[in-house]
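Going down the list, the sequences are from chains U and V.
Residue numbers for the first sequence follow the numbering used here, so the first one is 32 and each next one is one higher.
Residue numbers for the second sequence follow the numbering used here, so the first one is 32 and each next one is one higher.
No copy is singled out in the list; a pair is fine if it fits within one copy or between any two copies.
BS3-like mimics (lysine-lysine), calculated; alpha carbons at most 30 Å apart, straight line:
1. K193 with K407
2. K131 with K407
3. K89 with K407
4. K134 with K419
5. K352 with K134
6. K221 with K100
7. K455 with K134
For the record, the hints were derived by calculation from the structure and aren't laboratory data.
Number of protein chains: 2
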Amino acid sequence: MYDLIVVGSGPGGYVAAERAGALGKKVLLIEKGNLGGVCTNRGCIPTKSLLNSAKTYKHAQEGAPFGVKTENVVFSLADAMAWKEETVTTLRSGIEFLMKSNKVETVTGEAQFIDPHHVKVGDTVYEGSYLILATGSSPFVPPIPGSKMEHVLTSDEILELKEAPSSLVVIGGGVIGIEFASFFSMIGTKVTVIEMMSEILPMMDAEFAKLMRRELKGVDFHLGCKVEEVTKDAVLYTDAKGQKQSIEASMVLMSVGRRPNTQGFESLGLDIDRKGVVVNDRLQTNVANIWAIGDVNGKSLLAHSASRMAEVAVSNIFGSKQMHMRYNAIPWAVYGNPEAAGCGITEKEAADKGIPVLSQTVQMRANGRFLAEHGKRAAGLVKVICHKDSKAILGVHLLGPYSSEMIWGASALIEAELRVQDVKEIVFPHPSVSELIKDACFALDHTL
Amino acid sequence: MYDLIVVGSGPGGYVAAERAGALGKKVLLIEKGNLGGVCTNRGCIPTKSLLNSAKTYKHAQEGAPFGVKTENVVFSLADAMAWKEETVTTLRSGIEFLMKSNKVETVTGEAQFIDPHHVKVGDTVYEGSYLILATGSSPFVPPIPGSKMEHVLTSDEILELKEAPSSLVVIGGGVIGIEFASFFSMIGTKVTVIEMMSEILPMMDAEFAKLMRRELKGVDFHLGCKVEEVTKDAVLYTDAKGQKQSIEASMVLMSVGRRPNTQGFESLGLDIDRKGVVVNDRLQTNVANIWAIGDVNGKSLLAHSASRMAEVAVSNIFGSKQMHMRYNAIPWAVYGNPEAAGCGITEKEAADKGIPVLSQTVQMRANGRFLAEHGKRAAGLVKVICHKDSKAILGVHLLGPYSSEMIWGASALIEAELRVQDVKEIVFPHPSVSELIKDACFALDHTL
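Work out the full structure, taking the sequences as your base and the hints as a guide.
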């Protein structure tokens, strides 16, 4: 009899198991594949490893203005993949160690759900007081003719490539599509992105998304286009004007979205909708002892959202205080070249929700460190959005170097409900790109 | 008749002029050299430009594990210096533009102080209601035999080098000394640092400083040593055991400290001590209409401290509210390879002040992004210090990549008086090195 059975060991599941184990609970963690789930094995981590390799390649080629001359700069995809594998393996052992040190039992195999208190793996039935579902999501492959051909890959398979394709068409301009577009473009593949919507990266401020497209040099974008068919060497689509078009493609990446892994949940009596398992703001399902966290509940498909949901759920089950999951200060990042990150609302979201806001955008090239490292012709933006009346910070948007490592501070500002005036009193280190956040706040309000 | 005369156009002076100008005041800014002061012309900015060049050189040489092979990687100091010059020139024009757009009048020349309301430049006497002294500091050259020889440079002259020396002895292991040690070591100079104290980087946590020395590969350190004499080709010193020693040096950098520029203040009737112009916590001197900000008051010799002091002083003179200068959340950063940054107190400071604290250190190699970009043998640390009882965050210390761009968030945490529990509820982006700050908070308190 376990206090808690967790199904799925991604950043939702393993964190839930760890936190519950740290509280002294008897925890079983069931994983059918590798510990770490998509994030560690086929998502966040391997893509960041590859992007770092590609950026290293690019910087080695472009050092001349800074005084660094190189010759015969060669990219080895095999070596980059080997480094990526080592990174993934190390992190996987890290999670294994974390489970052991928190006395979490792990079992490998497919979970079969018997009822809300019983889960079978192989021939063994496990009983648990509570069940946390953290089964994640899988790439969605739309039923387009030709989409099952061998050269049409999802993010899972493309991470196992032995050779870079000469040309790649990315179907879907979300985060996954854009990161792979940036990676392959940096290593010399001709890349085209086809997106059904009128802009890429839907969570991003429109002005930033436009600049992102411009800065992804060497990537062609076709927006407002509907893919009709994939053939042996081309992708056929209808463009924004209704014209039939075709692009050559030796490889196709299908990155139109992900679907929650809810297969096998039938016996649990759960409410499930199109987005996943329905949960309340405490992450509890309609079945009192079952909780659902991470991609499978469809609330926020980000690794760190899953980890935070794990903490909220475990706190609500075993902890000393009841928590609500908050979604207003969850950052996101795109790790291509350039990087981008954001936290909080965009102006469009504010308008949609009827929230009156003020916003100011500053150019990164006004910043000393950015200039020193990128020069006055490089592009980058920082935007801060505040409530029109209270001046509370509601959104911070970044496009440029260090974005992914600066954005956590924005989460802190929004969580702490700081106002523009408060941020103006924070001392930022000079010179740093982060100073632009303060500059944007002064642009919002010049007074002292 | 000006509302305000500002003397010195560094990050203290130009920000004071800008903010007062933005409030509609009639402002005169006097500068004897180039706009931007030491920071822009001979400090923060040029060093960061050069360090970026050196890091680019290093990364180009060390890309093989990530899949990037290069040949004949050559560093051109001349090209790096030219890029640095362009950066400085661009920023200088930026400040010029800022002054114009805020209707600040600027005059070039040495300020001669007649009395608290009158300053003469050349033949012209200017009258002002208020005076802000922002004259900065200068490198201190101790009266050591040989310290005036031509190959003994300060940070001013070393930024104009045409050729890298074969060997360099850095006298003084503070931030300036360590940044230059890191730079020259990366570009192939044999570097030795001689420090009088028992550890380098006095503001840094002792454990971090030790790791920093270890990670500055190729730099030799001699701690607790007193330099006795500089000769044509060597530096003679007494080591920690009292033994006479000698190190070969084709060039010597003197970076033992800086002295406030208080020359010419005699006619103002100011209280001046060894550290500089004495000010209260509102940055006002003993003469009611004179304020002193930045290095010249000796309170905190950092560019961003000077800028913050400018805002505080201008607010106290012209603004709508009275402000006190707070020093407890001012970050610092060292931009060498590796980077380091900190904000708030160290354990030693806490002990000295009798503040009961808890602290936890986490290794960067436990982090996904760090592993992906540096591997499991690389070193890096994150330490969080909180008050033992209230659990308020009092200090954050970082050593490793992105430190300088992550640290602003720590300033926000301390300014907002967040506690460990609050930081645990902040969602950090995954994967990012910044997550380690949250990990350290969980190490301080495992409960949910």
